[in-house]
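Combine the two chains into a complex, taking the hints into account.
Chains as they are written, first to last, in our numbering: chain A, 1 to 290; chain B, 291 to 541.
Some hints here could point you the wrong way.
Computed from the model, here is a short list of chain B residues facing chain A with C-beta under 8 Å [unchecked claim]: (1) Pro-364; (2) His-365; (3) Arg-380; (4) Leu-385; (5) Ala-392; (6) Leu-396; (7) Thr-402; (8) Ala-445.
Straight-line Cα separation of at most 20 Å, EDC-like style, residue types lysine to aspartate or glutamate; simulated pairs [stated by the list, open to error]: (9) Lys-425/B with Glu-155/A; (10) Lys-425/B with Asp-169/A; (11) Lys-403/B with Glu-155/A.
Bear in mind the hints are in silico, worked out from the structure with no lab data behind them. We put the beta carbon where it would ideally sit given N, CA and C, even for glycine.
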Amino acid sequence: MIQAILDAISLGGTYALAALGLGLVFGVMRLVNFAHAELITISAYILVVTNDLPLLVSFIIAAVVTTLLAVAMELLIYRRLRGTGPAIMLIASFGLSVLLQRVYELIFGALPKSAAIAPWMSGEVKVAGASVTISSIATVVITIVILLIAGYLIERTSLGLQLRAAAIDFKTARLLGVRSNRLIAAAFAISGVLAAIVGFIVVVENPQVSPMYGVNITILALVGIVIGGISSLRGSALGGFMVGVILSLLNTFLGNARVYAYSWLFLLVLIILLVRPGGIMSKANEMERV
Amino acid sequence: MVESSFSATGISKSFGALKVLENVSITINSGEMVGLLGPNGAGKTTFINIVAGYEHQDSGSVSLDGNSLDGMAPHDRARIGLARTFQSGRLFSNLPVSENIALGALGLGTTTKIANERTNSILEILNLDPLANLKAGSISHGNARLVGLARAVAANPKYLIMDEPAAGLNEHEVPHLLDALSKINKDLGCGMFLVEHNVGLVAKACSRVVVLNTGNLIFDGTPFDALNNDAVKSAYLGDTSLEETAESSKK
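Next comes chain B alone, as it looks inside the complex (with noise of 0.2 Å):
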């Protein structure tokens, strides 16, 4: 049996002069949750943009088990697995949560009654059944996170992209979104690719880290190596926050 795992393959992106991304290539095998790190300007928006299929590569390859992805438009994209949620939310804001949820099983074309099945049930993984009738525009940042994830989930996906889940979040939420994080992988088993600015998150939620500097990727492995590493500590140097981090994960 081959087992499942969506890859970017020597992929290489220039905006004009401007190489973005340089022979990158990353695999995530199915129920890993990976975290891509990177300080501003690493290439990470350009690397999931194009993984997503919202860019296109210079060269190198997308792949979902196997079958190419090159070419494919988003929602196409969407129809064979791969789920991504949207740093801005995206949310139907005059909808209610649970319909807003609905929509990304809606979309790819189930049942209604499937539909509603999958939503009452993320409801009450990520604990948001109170907020189900609420309009979404109604309702806090914090909340509007999980409701983007909610949705992306409903589309019950092979992998799952998330584009900065925790930003904008406070110090509050951030537990409730790593206990989501948590529970969507333990529970529905998805390939998921965290983009994330904070490193504490990442670290707390992925088993593998990868980490991306201008525009290549200099580190491949453990959270706990990635914090130790000098390239990455090179690539971070001045960004207290990992210094933090990897002072709180040796404690």
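Isolated chain A (complex conformation) (with noise of 0.2 Å):
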């Protein structure tokens, strides 16, 4: 029981984290990053080659990496189409998802790679009695500390209050003076250290990694997004984490039926967005059309 709890408030975590990295990015540009699974793939990816070296050094060498790689996807591509209206960014976003996917195919071929990505943490330790993965405990861990840290940025600091701003209404925020380009710059360089922590996260589990490795991952953090409430980073969050807790939850206590996990969580989001159209973060009657 203790296990399937702490799995699910790690998965939720995970995509709690996951969700606040789509959501920075959406808040400020109103654009649905597909290209952010990109960017836990290839912090996986370089977690699990460079993994001859010392863990801190490896992930240091892959946030840098995804940040680099999150805040180029801004300058070369988003930035010079921004203003030509959602539609276009969108497929952009999505275009550059698949390039990157065929690019890591080619660097790193089509066949999973995969490395023994800190094995120690696979070892169980006994908490209340029961036999828990140090995987587990440390997954929670760290959400909770960078969830504290992503919290104090965002809500204690003046480039906090300006992506919250912007989340809201990025048109007014920029009509008081507010630095888009370099706003927009700094919600995807952050967005890039929460998809390496993420991509750090989830290839200690799975270390199997292949080209469309953060693709599901992402995909559930946009329902995350979606159903917390598309137009706030804690309402991202919450809903990244609720998805992950409710899918997590459902594997476990579904037992041979976990076919059906994600058909029952679809249905639930489908429920929750026909109560609450602009998520559960938001007033009964608000809505954001995108």
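Encoded structure:
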């Protein structure tokens, strides 16, 4: 039972981090960045290929590369397309996602690449008489720490206030003089760091990295930000957390029927959206059209 | 020493065949509070949209302290000292009032410390302290107008353009606004350009009034002279608010 709860919290936390990264970029650009998946994937790939290095060094390399890729996406693609309309931006992000998957295939091969990342985390410890994996505890601790840091950054700093304002009404934030290029680049950089951390968390549990490695988690994180409230960073994180927790609990308690876990999850999502179209953090009648 | 001024010179604008502004020139000096009056369709909104950078003029020029602002985007104009309020308020409804105001300063790159100091000072000047921690979306329309004004003032502008700040306010809220405008002008000393339908408010708040009618500048002088000017009266013919204000002004 304790393992199930820890698994649920750790998966919820992981999706919360992924959703927060997506929500940050959506907030400042109104862009659903499908290529966020490839940021998670590159982080996981780098952790695998640098596995011979000390874990901290390996993670720092992964974080730097992932963040640089995130900022490069903004500078080379999205900035040039800004103002062309949401449909074009959406297609561009989808195209970039597919393009990066093929690039990864060329660089790393189509078959999964694997390595035992931090094998000591697969060990078990006793908590309240029950055996739980170290990785579950580590994931919960990491996600709590990162969410606290992200919470401080977003709630207590000038950059965070500007990001929150931009998430609500980017045009007005810009009219107040907020430097949009700098703010958007910062959002992409933070999103990249969060993707690198998510890549680390998931690769410890599942070290079989393939070109589409980050797609599943990104889609579920997107579901999370929609049910949490697409214009609220808190809502995004909460929505992501809920999706992870629900999915994990469904997988645990459905037993042999776990094949239907996604069906139940999406049924629940549909019900939430029917009751609160703007997400759980919005007012009942508030809905943003994107 | 060159005195600071904000000028729009020879502004003309047409939308297709419709001439909205024709060779309009207005200068506002530092610390001056100028009211822009005009009946519906006079070109007031188009004029302030042009001076704030939201629309481009067909001819003429806008300058601040002698430097041309032509072609400059609204947010760049904000950075060099030109702030404006919006008719719709445009507050961040999910953020507290204090953070809404702080954003006026933070957007221009001031430090958090200075932004907080300015926010506290403006909250006090405008008697908005009790609302500081309330979400902007939860406060009354009148208070939202004052918060919008406070946010613009937090940018510490040289010149402040206000787009119908009294629109939608009830008779109890207008005196509060008048008081706030007077305090801002007195305490912060920025030049203020008040675009308003409420003739009484402009007459009480401003030392100078300019009047537009069908895209032409028809008057530039004191509020008292404006209310007794034949051309202005003619432009407002049938507008009882002007006659009532002129009567009360005489009294």
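Hints, one by one, checked against the model:
1. Pro-364: OK, holds: Pro-364/B within 8 Å of chain A, min 6 Å.
2. His-365: holds, 5 Å
3. Arg-380: holds, 5 Å
4. Leu-385: OK, holds: Leu-385/B within 8 Å of chain A, min 6 Å.
5. Ala-392: With Cβ-Cβ at 7 Å, under 8 Å, it holds.
6. Leu-396: holds, 5 Å
7. Thr-402: Where the cut-off is 8 Å and the nearest Cβ of chain A is about 5 Å from Thr-402/B, the hint holds.
8. Ala-445: With Cβ-Cβ at 7 Å, under 8 Å, it holds.
9. Lys-425/B with Glu-155/A: Roughly 15 Å separates the two Cα atoms, so the pair holds.
10. Lys-425/B with Asp-169/A: holds, 15 Å
11. Lys-403/B with Glu-155/A: holds, 15 Å
Hint compliance for this structure: every hint is met.
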